[in-house]
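For reference, the chains in residue letters:
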Amino acid sequence: DGGITQSPKYLFRKEGQNVTLSCEQNLNHDAMYWYRQDPGQGLRLIYYSQIVNDFQKGDIAEGYSVSREKKESFPLTVTSAQKNPTAFYLCASSIRQGPYNEQFFGPGTRLTVL
Amino acid sequence: AQKITQTQPGMFVQEKEAVTLDCTYDTSDPSYGLFWYKQPSSGEMIFLIYQGSYDQQNATEGRYSLNFQKARKSANLVISASQLGDSAMYFCAMARGGSYIPTFGRGTSLIVHP
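Heads up: the protein sequence lines correspond to chains A and B, in order.
Using the working numbering, you'd call the opening residue of the first sequence number 1 and step up by one each time.
Using the working numbering, you'd call the opening residue of the second sequence number 1001 and step up by one each time.
Don't read these hints as lab results, they were simulated from the structure.
Using N, Cα and C, we set each Cβ at its ideal position, and we do this for glycine too.
One or more hints might be untrue.
What the hints assert, rightly or not - To give a feel for the contact side, a few chain A residues facing chain B, derived at Cβ under 7 Å:
hint	residue
1	Asp-38
2	Pro-39
3	Gly-42
4	Leu-43
5	Pro-75
6	Phe-105
Unchecked claim - Which chain A residues stay away from chain B? Per the calculated CB distances, all over 12 Å, these:
hint	residue
7	Ile-4
8	Lys-9
9	Phe-12
Given the sequences, and given the hints that come with them, work out the whole structure.
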């Protein structure tokens, strides 16, 4: 079955540590996205990528970094520079960027800073 | 800047009744797409329905329909014959010309009572 996988489902981090969230898709989609969701809030865009080896900052990129070395993979690193990283992180993909292409989402990773 | 507004933080509906979830948007672009997603307690975002700005007819997908009123900039989701499994958060999103990255509203929590 095609889809998006995110791992781990739950992640605990000590302050000052970098952590990497995994996102893999086998849908052969060109575009991939990372969103952050806080309680009672909508999704806010962190980074997105339209093609391999290219990515752009979203609305809240500070304290995060990404890479897109393979079409199917788009890992997100939450660095120690992110002051309030506790949140629910969702990865998504779409065939391409455009008004007619819905996004497919992974199950999410819940990050908690201890 | 584009903006999505969902004014109903929470809605209650009796099983088998219809319910309307409100969404208004603000954009000056002539080309844009409107989406509705469902987020159950598990966290994964599930695509429900899409409406393009140039579409003449309201979109329908099974029990879901989108009441698109372009002049009023509203894109309300109508769920007919509510089921207990419809209890979830519902998010409205808009992707406009340019990057076509969806912007999400804050969501509406729907609870279906037996």
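Hint-by-hint comparison with the structure:
no. : hint    : verdict
1   : Asp-38  : 10 Å, violated
2   : Pro-39  : 11 Å, violated
3   : Gly-42  : 4 Å, holds
4   : Leu-43  : 4 Å, holds
5   : Pro-75  : 19 Å, violated
6   : Phe-105 : 4 Å, holds
7   : Ile-4   : 9 Å, violated
8   : Lys-9   : 9 Å, violated
9   : Phe-12  : 17 Å, holds
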